[in-house]
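Just so you know, the sequence shown maps onto residues 1202 to 1348 in our numbering.
The hints are simulated quantities; they were obtained by calculation from the structure and are not laboratory data. Any given hint could turn out to be false.
Heads up, simulated BS3-like pairs for lysine-lysine below, C-alpha to C-alpha not over 25 Å straight-line [claimed, not checked]:
#	residue 1	residue 2
1	K1249	K1280
2	K1238	K1249
3	K1329	K1218
4	K1318	K1329
5	K1216	K1256
6	K1280	K1269
7	K1275	K1245
8	K1238	K1278
9	K1245	K1317
10	K1238	K1280
11	K1280	K1218
12	K1318	K1220
13	K1218	K1238
14	K1303	K1216
15	K1329	K1303
16	K1303	K1317
17	K1278	K1216
18	K1280	K1268
19	K1278	K1268
20	K1268	K1256
21	K1218	K1286
22	K1212	K1318
23	K1317	K1249
24	K1256	K1278
Now the in silico label distances, taken between C-beta atoms and shown as ranges [what the hints assert, rightly or not]:
#	residue 1	residue 2	range
25	K1238	S1288	17 to 27 Å
26	L1223	S1248	20 to 30 Å
27	K1303	K1245	23 to 33 Å
28	L1223	K1329	41 to 51 Å
29	Q1277	P1333	39 to 49 Å
30	P1321	Q1277	41 to 51 Å
31	P1333	Q1210	14 to 24 Å
32	I1282	K1216	30 to 40 Å
33	G1316	A1279	31 to 41 Å
34	D1243	H1315	29 to 39 Å
35	K1249	G1316	16 to 26 Å
36	T1319	E1244	11 to 21 Å
Glycine included, every Cβ here is placed at the ideal spot set by N, Cα and C.
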Amino acid sequence: MAIQTIFVQLKNPSKSKQKQWLYEQQEFVSTVNTCVKRIINDEKLSSKNVDADLKAVIKNEAIRLAKKAVSDFKEQKAKIIPTFKNSLGVRINDQNWSNVEKNGRWYISFTGNHGKKTLPVMESSGVKTFFPWLTKKHNDCRRTISF
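Can you make the complete structure from the sequences, with help from the hints?
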């Protein structure tokens, strides 16, 4: 199976949506860094035992990213265990987002801590090419989007 990564730029989100997004991004980074420390101490993690103000699927993304960082260090693929910075984007995956086409424009709808948000996206060639395949009628595609 081929994997296609699409980076999507949001189009003019409101100030409240920007604040929510930044809060969740900072919470995500903090969660990843905390998970790294716990995984180094051989602790088994799941979304139930990770204390963060995030949805379970986002916690699981943080755990996967932390496990990858630690395994890369242990396998000597990385010289140090990284400390993730606030610029790390939140990964929204197919468990908590969908794309919607309205009046010929594409939107991303995702569930955050404060309810469901629908945001317009900048319509790049990647969006125009691949978003039609990421609709519910094409459920066989594995989907992950990074912002």
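Hints, one by one, checked against the model:
{"no.": "1", "hint": "K1249 to K1280", "result": "violated, 31 Å"}
{"no.": "2", "hint": "K1238 to K1249", "result": "holds, 17 Å"}
{"no.": "3", "hint": "K1329 to K1218", "result": "holds, 24 Å"}
{"no.": "4", "hint": "K1318 to K1329", "result": "holds, 21 Å"}
{"no.": "5", "hint": "K1216 to K1256", "result": "holds, 22 Å"}
{"no.": "6", "hint": "K1280 to K1269", "result": "holds, 14 Å"}
{"no.": "7", "hint": "K1275 to K1245", "result": "holds, 16 Å"}
{"no.": "8", "hint": "K1238 to K1278", "result": "holds, 18 Å"}
{"no.": "9", "hint": "K1245 to K1317", "result": "violated, 30 Å"}
{"no.": "10", "hint": "K1238 to K1280", "result": "holds, 16 Å"}
{"no.": "11", "hint": "K1280 to K1218", "result": "violated, 37 Å"}
{"no.": "12", "hint": "K1318 to K1220", "result": "holds, 13 Å"}
{"no.": "13", "hint": "K1218 to K1238", "result": "violated, 30 Å"}
{"no.": "14", "hint": "K1303 to K1216", "result": "holds, 23 Å"}
{"no.": "15", "hint": "K1329 to K1303", "result": "holds, 13 Å"}
{"no.": "16", "hint": "K1303 to K1317", "result": "holds, 17 Å"}
{"no.": "17", "hint": "K1278 to K1216", "result": "violated, 40 Å"}
{"no.": "18", "hint": "K1280 to K1268", "result": "holds, 15 Å"}
{"no.": "19", "hint": "K1278 to K1268", "result": "holds, 13 Å"}
{"no.": "20", "hint": "K1268 to K1256", "result": "holds, 19 Å"}
{"no.": "21", "hint": "K1218 to K1286", "result": "holds, 21 Å"}
{"no.": "22", "hint": "K1212 to K1318", "result": "holds, 13 Å"}
{"no.": "23", "hint": "K1317 to K1249", "result": "holds, 22 Å"}
{"no.": "24", "hint": "K1256 to K1278", "result": "violated, 30 Å"}
{"no.": "25", "hint": "K1238 to S1288: 17 to 27 Å", "result": "holds, 20 Å"}
{"no.": "26", "hint": "L1223 to S1248: 20 to 30 Å", "result": "holds, 22 Å"}
{"no.": "27", "hint": "K1303 to K1245: 23 to 33 Å", "result": "violated, 43 Å"}
{"no.": "28", "hint": "L1223 to K1329: 41 to 51 Å", "result": "violated, 28 Å"}
{"no.": "29", "hint": "Q1277 to P1333: 39 to 49 Å", "result": "holds, 42 Å"}
{"no.": "30", "hint": "P1321 to Q1277: 41 to 51 Å", "result": "holds, 44 Å"}
{"no.": "31", "hint": "P1333 to Q1210: 14 to 24 Å", "result": "holds, 18 Å"}
{"no.": "32", "hint": "I1282 to K1216: 30 to 40 Å", "result": "holds, 36 Å"}
{"no.": "33", "hint": "G1316 to A1279: 31 to 41 Å", "result": "holds, 37 Å"}
{"no.": "34", "hint": "D1243 to H1315: 29 to 39 Å", "result": "holds, 35 Å"}
{"no.": "35", "hint": "K1249 to G1316: 16 to 26 Å", "result": "holds, 22 Å"}
{"no.": "36", "hint": "T1319 to E1244: 11 to 21 Å", "result": "violated, 37 Å"}
Hint compliance for this structure: hints 1, 9, 11, 13, 17, 24, 27, 28 and 36 are broken, all remaining hints hold.
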